[in-house]
Amino acid sequence: MSRFHAALVLAMACGIASPASAGGLTVVELFQSQGCSSCPPANANVMALGERPDLLALSFGVTYWDQLGWKDTFASPQYTERQWDYARAFHRRNVFTPEVVVNGRADIVGADRGELEALIRREGALAGPAIEIGKDSVTVGMGTGSAAVWLVRYDPSVIQVPVARGENGGLTLPHKNVVRELTELGAWNGKAVSYALPAAKDAALRTAILVQAGSGGAILAAARN
Numbered sequence: 001m002s003r004f005h006a007a008l009v010l011a012m013a014c015g016i017a018s019p020a021s022a023g024g025l026t027v028v029e030l031f032q033s034q035g036c037s038s039c040p041p042a043n044a045n046v047m048a049l050g051e052r053p054d055l056l057a058l059s060f061g062v063t064y065w066d067q068l069g070w071k072d073t074f075a076s077p078q079y080t081e082r083q084w085d086y087a088r089a090f091h092r093r094n095v096f097t098p099e100v101v102v103n104g105r106a107d108i109v110g111a112d113r114g115e116l117e118a119l120i121r122r123e124g125a126l127a128g129p130a131i132e133i134g135k136d137s138v139t140v141g142m143g144t145g146s147a148a149v150w151l152v153r154y155d156p157s158v159i160q161v162p163v164a165r166g167e168n169g170g171l172t173l174p175h176k177n178v179v180r181e182l183t184e185l186g187a188w189n190g191k192a193v194s195y196a197l198p199a200a201k202d203a204a205l206r207t208a209i210l211v212q213a214g215s216g217g218a219i220l221a222a223a224r225n
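Under the numbering used here, the residues of the sequence shown are numbered 1 to 225, in order.
Source of the hints: derived by calculation from the structure; they are not laboratory data. Computed from a prediction, not measured in an experiment: that's the story for all the values here. Watch out, some of these pointers could steer you wrong.
[To be verified] Distance condition first, Cα-Cα at most 20 Å in a straight line; then the derived SDA-like pairs of lysine to any residue:
| hint | residue 1 | residue 2 |
| --- | --- | --- |
| 1 | K135 | P156 |
| 2 | K135 | A199 |
| 3 | K135 | P198 |
| 4 | K135 | S194 |
| 5 | K71 | R180 |
| 6 | K201 | D155 |
| 7 | K201 | L151 |
| 8 | K135 | R206 |
| 9 | K135 | N225 |
| 10 | K201 | W150 |
| 11 | K135 | A196 |
| 12 | K135 | L151 |
| 13 | K191 | A213 |
| 14 | K135 | W150 |
| 15 | K201 | S76 |
All chains should be modelled from the sequences, with the hints used to inform the complete structure.
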């Protein structure tokens, strides 16, 4: 990336000291790009931590580094906008990669595994409302507050991507838990409610549900099948 963009990323890094139920998950969202040379360490950390049963790790490819010579094969403008939602919620003027957001409430660059694990411990597991994922529907139980209910479809396999150009040109980058679909199912206002669950475009994808308080807001509950 350019000297300006590299300096921005460094500045941001230095400035950030069967049916399923909610199950006490902690949600870890990685925003990265195959065109960003700073991303592989954070990606490796999130991939490793994603093996833990108490964590829901999700990898979102963003588009704004595509002009550096390599177009990210998993990136979507929708995922870039999701990262901007967090930037606005955190009162930031810019987005940066890598960025790891935990439970929608706090973020970190993610290249230092110890710091990332400490943030995950501080944020802890989500408490509810309860979520049930069935074959054709999703039910969110009673609770307090209001939120949007998001359907996430992600690929749990390890995908090796050869990068031919750009900052990571010549490298083969591993990816895991890559988000392939992100759909808002509807609103939740504290009362138990059910939503139709659309079929996945790819049967190999796993399903996760996020109950999130507004754009870039705190995640109240999460579940996966």
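Structure-based check of each hint:
1. For the hint linking K135 to P156, the alpha-carbon distance of about 19 Å falls within 20 Å, and the restraint holds.
2. Of the pairs offered as hints, the one joining K135 and A199 holds, with about 9 Å between alpha carbons and a cut-off of 20 Å not exceeded.
3. Restraint check for K135 and P198: the C-alpha separation of about 9 Å stays at or below 20 Å, so the hint holds.
4. Our distance criterion of 20 Å between C-alpha atoms is met by K135 and S194, whose separation comes to about 12 Å.
5. Between K71 and R180 the CA atoms are separated by roughly 16 Å; this keeps the pair inside 20 Å, and the hint holds.
6. With a CA separation close to 11 Å, the supplied pair K201 and D155 stays within the 20 Å bound.
7. Between the alpha carbons of K201 and L151 the distance comes to roughly 13 Å, so the proposed pair stays at or under 20 Å and holds.
8. Of the supplied pair hints, the one linking K135 and R206 holds, its CA atoms being roughly 12 Å apart against a limit of 20 Å.
9. A C-alpha spacing of about 10 Å is found between K135 and N225, which places the hinted pair at or below 20 Å, so the restraint holds.
10. As the CA atoms of K201 and W150 are separated by approximately 16 Å, the hinted pair is consistent with the 20 Å bound.
11. Distance check on the hinted pair: K135 and A196 sit about 9 Å apart at the alpha-carbon level, within 20 Å; holds.
12. Restraint check for K135 and L151: the C-alpha separation of about 13 Å stays at or below 20 Å, so the hint holds.
13. Of the supplied pair hints, the one linking K191 and A213 holds, its CA atoms being roughly 15 Å apart against a limit of 20 Å.
14. Distance hint between K135 and W150 is fulfilled; the C-alpha atoms sit about 16 Å from each other, no more than 20 Å.
15. Of the supplied pair hints, the one linking K201 and S76 holds, its CA atoms being roughly 16 Å apart against a limit of 20 Å.
Checked against the numbered hints above, the structure breaks none of them.
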